[in-house]
Every structure is written in structure tokens, then in C-alpha cells.
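Asker: So the chains spell out like this:
There are 2 protein chains.
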Amino acid sequence: MAELFGGVEAGGTKFVCVVAEGPDKIHAQIQFATRQPDETIRRVIDFFRQQENRLGALTALGIGSFGPIELDPNSPNYGHITSTPKPGWENTSIVGLLKDSFKIPIGFDTDVNAAALGEFRWGAAQGLGEFIYVTIGTGIGGGGMVNGALLHGLVHPEMGHLMIPHDLNEDPFPGICPYHQDCLEGLASGPAIEKRWGQPGETLPEMHPAWALEAQYLALGAMNLILTISPQRIIMGGGVMKQSQIFTLLREKLLLLLNNYIKDPKITRDIDNYLVPPALGDQTGVLGAIALAQKAANV
Amino acid sequence: MAELFGGVEAGGTKFVCVVAEGPDKIHAQIQFATRQPDETIRRVIDFFRQQENRLGALTALGIGSFGPIELDPNSPNYGHITSTPKPGWENTSIVGLLKDSFKIPIGFDTDVNAAALGEFRWGAAQGLGEFIYVTIGTGIGGGGMVNGALLHGLVHPEMGHLMIPHDLNEDPFPGICPYHQDCLEGLASGPAIEKRWGQPGETLPEMHPAWALEAQYLALGAMNLILTISPQRIIMGGGVMKQSQIFTLLREKLLLLLNNYIKDPKITRDIDNYLVPPALGDQTGVLGAIALAQKAANV
Numbered sequence: 007m008a009e010l011f012g013g014v015e016a017g018g019t020k021f022v023c024v025v026a027e028g029p030d031k032i033h034a035q036i037q038f039a040t041r042q043p044d045e046t047i048r049r050v051i052d053f054f055r056q057q058e059n060r061l062g063a064l065t066a067l068g069i070g071s072f073g074p075i076e077l078d079p080n081s082p083n084y085g086h087i088t089s090t091p092k093p094g095w096e097n098t099s100i101v102g103l104l105k106d107s108f109k110i111p112i113g114f115d116t117d118v119n120a121a122a123l124g125e126f127r128w129g130a131a132q133g134l135g136e137f138i139y140v141t142i143g144t145g146i147g148g149g150g151m152v153n154g155a156l157l158h159g160l161v162h163p164e165m166g167h168l169m170i171p172h173d174l175n176e177d178p179f180p181g182i183c184p185y186h187q188d189c190l191e192g193l194a195s196g197p198a199i200e201k202r203w204g205q206p207g208e209t210l211p212e213m214h215p216a217w218a219l220e221a222q223y224l225a226l227g228a229m230n231l232i233l234t235i236s237p238q239r240i241i242m243g244g245g246v247m248k249q250s251q252i253f254t255l256l257r258e259k260l261l262l263l264l265n266n267y268i269k270d271p272k273i274t275r276d277i278d279n280y281l282v283p284p285a286l287g288d289q290t291g292v293l294g295a296i297a298l299a300q301k302a303a304n305v
Numbered sequence: 007m008a009e010l011f012g013g014v015e016a017g018g019t020k021f022v023c024v025v026a027e028g029p030d031k032i033h034a035q036i037q038f039a040t041r042q043p044d045e046t047i048r049r050v051i052d053f054f055r056q057q058e059n060r061l062g063a064l065t066a067l068g069i070g071s072f073g074p075i076e077l078d079p080n081s082p083n084y085g086h087i088t089s090t091p092k093p094g095w096e097n098t099s100i101v102g103l104l105k106d107s108f109k110i111p112i113g114f115d116t117d118v119n120a121a122a123l124g125e126f127r128w129g130a131a132q133g134l135g136e137f138i139y140v141t142i143g144t145g146i147g148g149g150g151m152v153n154g155a156l157l158h159g160l161v162h163p164e165m166g167h168l169m170i171p172h173d174l175n176e177d178p179f180p181g182i183c184p185y186h187q188d189c190l191e192g193l194a195s196g197p198a199i200e201k202r203w204g205q206p207g208e209t210l211p212e213m214h215p216a217w218a219l220e221a222q223y224l225a226l227g228a229m230n231l232i233l234t235i236s237p238q239r240i241i242m243g244g245g246v247m248k249q250s251q252i253f254t255l256l257r258e259k260l261l262l263l264l265n266n267y268i269k270d271p272k273i274t275r276d277i278d279n280y281l282v283p284p285a286l287g288d289q290t291g292v293l294g295a296i297a298l299a300q301k302a303a304n305v
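In order, the protein sequences belong to chains A and B. Residue numbers for the first sequence follow the working numbering, beginning at 7 and rising by one. Residue numbers for the second sequence follow the working numbering, beginning at 7 and rising by one.
Just so you know, not all the hints are guaranteed correct.
Identical chains share a label here; the pair holds if one copy fits it or two copies do between them.
[What the hints assert, rightly or not] Derived lysine-lysine pairs resembling DSBU-like cross-links, with alpha carbons at most 35 Å apart:
{"id": "1", "residue 1": "K105", "residue 2": "K259"}
{"id": "2", "residue 1": "K301", "residue 2": "K272"}
{"id": "3", "residue 1": "K269", "residue 2": "K105"}
{"id": "4", "residue 1": "K20", "residue 2": "K92"}
Source of the hints: derived by calculation from the structure; they are not laboratory data. Predicted model only: the values in this text are computed from it and were never measured.
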């Protein structure tokens with residue numbers, strides 16, 4: 007039997023854990039709501055312990071986490087969730103708690119960088135040295151690769167909080183971001199849609215004006231990412247992007263906004279292959295965590 | 007005598023050419039207005055020919071160019087200025103014209119990536135794997151490094167065209183970008199300042215409200231760059247940034263906008279060293295071109 011890896015998609019709403027050899031060989035998967043750190047991490051440890059008893063020892067673990075998180079290996083806070091507004095989770099040493107129980111390499115990155123790595127290994131970003139992965143759900147986050155390596159920098163990207171034009175005449179909704187009011191996340195996350203229209207996005211009909219407005223904001227965000235990083239592809243996932251009509255609207259608006267200024271035919275003539283959903287679908291995050299585990303073990 | 011390198015800062019308004027061993031050993035420098043391509047490139051060639059006769063053969067040339075430009079070495083158009091609105095310059099093979107006259111390695115990149123490389127080698131970005139260089143003048147452009155290499159991607163960054171919030175009640179000026187109207191360049195470039203206030207920025211007094219508005223737009227641009235790339239430093243140069251009061255206003259507004267969401271002390275406690283002018287001053291661009299030449303010659 008080949009090597010086994012454990013992956014944790016650590017989300018603010020739910021945790022998903024998986025034991026797998028790779029994307030086509032998943033041996034076990036579990037999902038549960040995110041509670042307080044001690045209880046939640048305990049369930050993660052119990053799951054991997056049980057699977058090790060059943061399947062054999064894990065080679066490495068990977069964690070793609072909500073954040074902000076500390077990624078500097080030289081920091082005493084490496085492996086912590088740092089300044090999250092999520093009650094109880096501030097300064098949680100997620101890597102440390104798992105390290106106490108499993109004496110194996112642990113890969114750690116943002117949830118979106120993990121997802122990006124998953125798409126790079128097995129999905130829509132194979133062979134691309136520059137691409138971006140954005141998720142639009144409870145929050146908005148983005149990660150990706152530049153010059154063939156994951157985007158880190160001083161802290162890590164927080165693309166959900168991009169400031170974009172907001173026409174108050176067209177959309178008087180003030181935005182819900184506690185830090186920046188009407189940043190991209192404040193205007194276009196799932197909770198922003200629900201608060202603006204008084205009902206969850208998934209209950210709004212396909213032709214509801216909510217979707218054209220949503221596409222406009224996401225197109226402005228995508229435009230800013232293109233102008234900053236010049237990615238070879240943008241992958242957009244998360245709950246909100248399951249409204250499949252959004253992709254068509256979003257691609258149209260993006261081309262209108264760019265207005266032929268960036269002339270590469272990969273954008274101007276092939277937008278359907280430039281701005282795409284994740285090829286790994288709902289499994290992008292947790293398979294990305296498996297990819298982080300493999301990377302930590304140099305596989 | 008050590009090796010000699012030629013550098014060309016190819017701007018839409020002026021060209022600067024230099025022959026140097028490095029930043030502290032500049033042997034000759036010339037500057038002239040940008041005319042039609044044939045005449046302009048002829049002057050570049052004549053300058054380097056004369057200096058070779060006087061000083062000896064050049065080892066390599068470097069060109070930091072206005073754009074957009076083609077940087078894909080596999081493209082038949084590599085080394086061209088491509089879709090520029092500048093009359094006469096569209097599809098000019100700037101590398102090819104120099105290659106015909108000088109059979110030596112030629113480094114080629116955007117003017118802002120060249121400047122970034124200059125600051126990396128000798129200026130404010132030494133030792134940084136992720137940083138951004140932005141120039142605010144006739145236009146606004148940005149380049150930099152991520153994961154230790156210059157930012158290229160599908161085309162190259164065009165950070166000047168970032169879309170940012172524009173409050174029409176506070177600033178009814180519609181913006182002047184022919185592609186995007188009120189993008190960052192449309193609102194905050196030198197010509198935008200001149201058109202909005204009816205006189206050039208350099209003639210406006212230090213306490214004029216123009217500067218607070220300018221700082222607001224540049225802070226929004228800097229914020230979006232931080233949220234996307236998480237750079238370790240942002241260097242801002244160009245003619246507009248010579249109004250030294252702008253840095254103070256800009257740093258204040260940037261911290262207000264970020265609102266302590268990105269908690270790294272390099273930003274929150276040391277903004278004066280985070281958002282800085284270029285250490286090489288007016289020579290950043292042309293010394294960056296020397297750095298490109300050295301890179302092309304593997305020096």
C-alpha cells in the first residue's frame with residue numbers, strides 16, 4: 007500500500023478531514039461544525055487516530071486553515087490562527103495541538119493557498135506558474151502562485167478585503183465588513199447577499215438582479231487581481247459560485263471592465279477557460295490539504 | 007577596468023541612457039525627449055556607439071520600457087512595445103532594433119520592473135523577496151518581486167489601472183483614463199491632478215486639498231496591493247511623489263483604511279519604513295536598466 011496522508015480543511019464554519027493517498031484514493035472522510043478550538047481539534051485527532059488504527063500510520067498531515075494565520079517559520083507563533091474575530095479561536099496553535107499528537111511532518115497554509123495547491127497538482131492550474139484561487143462563501147479569500155510558488159509575503163494575501171468602486175445610487179447597501187465596511191467581502195460575500203436582499207442567495211431566482219450586481223463586484227475584484235499579478239488563470243469557487251449563471255455574467259462584465267486594455271488572447275478570446283470553477287469541485291480544499299501534507303513530506 | 011553596461015530607461019516622455027559599471031561608477035549619461043521610434047532609437051544607438059569608442063565595448067544592454075510590452079521569449083513579438091496608445095510606437099521592436107546594432111545580451115522588462123530590480127540590487131528593497139515599486143507621474147505603473155523573482159505572469163502587471171472607490175460627491179472629477187475612466191491612473195496621475203485643479207501639481211501649495219485627495223487614492227491603491235501580494239515593502243516614486251508632504255498623508259490614510267486588519271508590526275508600527283521613496287531617487291529607472299543588463303550577462 008502506498009503512503010497515507012491526512013488533510014484538514016479548517017474552516018470557520020466547518021472542518022473537513024480526509025485520509026488519502028491522493029485525489030483518486032480517499033480512504034476516509036469526515037465533516038463537522040467548527041466549535042471551540044479544544045473540542046474541534048480533539049475531533050480531528052480522534053479521527054486520524056481511528057484511521058491510523060484501521061489503515062496504518064500517516065506519513066504527514068496538511069492543514070489549510072481560515073485565518074489570519076502565522077506562516078513565518080521563525081515566529082514563535084508559527085502555526086497559530088492569530089487575529090481572527092471568531093470567538094475563542096484567537097491565538098490558537100492549530101499546528102502545535104496536532105504536533106503534540108502526531109510526530110510527523112505537518113504542512114500548514116491558508117485555506118485558499120491549500121486549495122490553490124490542490125488545483126495546481128490535480129485540477130485547473132496544472133502547469134501554471136501564476137494563477138489565483140478565490141473562494142466566495144461565508145467570507146471571500148484568495149491565494150495562488152506567483153513565479154511557481156505559493157503567495158506568502160509579509161503575512162499572506164487577504165484578497166477578500168480589496169476595496170472596489172461601490173455606487174451607492176445603484177446599491178445603497180452599506181456593506182457588512184467589520185473592518186472595511188464595503189470592501190469586496192463586505193459587498194459580495196454570501197452573508198452580504200443575504201443581508202442585502204433579506205434572504206439567502208441560494209433561495210434567489212436565477213434572474214434576480216442580485217446576480218448581476220454580484221457579478222459586477224466579483225468582476226471588479228478579478229480585474230484588480232489581473233492588473234496586479236497578471237495570472238494565467240483565475241479559479242473561483244465557494245458556495246456563491248455554485249449559482250452557475252454567475253460565471254457567464256462575471257466573464258461578460260470582466261471583459262467590459264478591462265475594455266481590451268490587456269490584450270492577451272487567453273483573456274480576450276478565451277475567457278471561458280481563463281476564469282473557471284475549481285476542477286476538484288467541493289473537494290478542492292481538503293485535497294489541497296492533502297497536497298500540503300505531501301509537500302511537507304517532500305512527496 | 008571592470009565590465010561596462012548600457013542602460014536605457016525608455017519612457018513615453020523621455021529616454022535616459024547611461025553607461026556604467028554599477029550605481030557608483032557612471033561613465034556617461036544622456037537624456038532626450040521621446041520622438042518617433044526610428045529617430046529615438048537612432049539616438050540611443052549613436053550614444054552607445056560613441057561611448058564604446060571612448061570607453062570600450064559594452065558587455066550587455068538593459069532596457070526598462072514603457073508599455074504594454076511583450077515579455078514572452080517564445081513570442082515572435084518578444085521585445086516589442088505592443089498596444090501602446092502612444093502615436094507611432096505601436097508594435098515597435100525596441101529590442102530588435104538594438105540587437106541589430108549591438109551583438110551583446112539585452113535584458114528587457116517594463117520600466118517599473120527595471121526600477122524594482124534596481125532598488126532590489128542597490129536601493130530600498132535589498133534582501134526582500136516580496137516588494138512592490140510604484141511610480142506616479144505621467145501615468146501610474148507598478149512592478150516588483152514575488153517569491154524572489156520579478157512579477158511577470160501572463161502579460162505583466164498594470165497596477166496603475168486598479169479600480170478603486172471614487173466618491174463623486176467628494177470628487178466629481180470624472181477621471182481621464184481612456185480605457186477605464188476613473189481607475190487609479192485616471193484619478194491620481196500627474197495629468198489627472200492638473201486637469202482636476204486646472205494647474206500642474208507642482209504649482210499647487212503644500213496645504214492645497216489636492217494632496218489629501220491624492221493621498222486617499224494612492225492609499226486605496228497601496229491597500230489593494232497589500233491585500234493581494236502582502237509585500238514586505240512598497241516603494242513609491244515618480245514626479246508626483248516629489249511632493250514630500252504626500253508620504254505623511256498617505257501613510258496616515260493607509261493605516262486608517264487597513265484599520266488594523268493586517269496586524270504585522272512592520273506595517274502597524276513602522277509604516278515610515280514600510281511605504282518609502284526609492285533609495286536611488288531619480289536614478290532608479292536607469293540604474294534598474296543597468297541591473298537588467300547585468301542580469302542578462304549573468305553578472
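Asker: Against each hint, give a clear statement of whether it holds in the structure.
Answerer: Each hint, compared with the structure:
no., hint, result
1, K105 to K259, "neither (46 Å within a copy, 41 Å between copies)"
2, K301 to K272, "both (30 Å within a copy, 29 Å between copies)"
3, K269 to K105, "between (49 Å within a copy, 26 Å between copies)"
4, K20 to K92, "within (13 Å within a copy, 53 Å between copies)"
Of the numbered hints listed earlier, the single one contradicted by the structure is hint 1.
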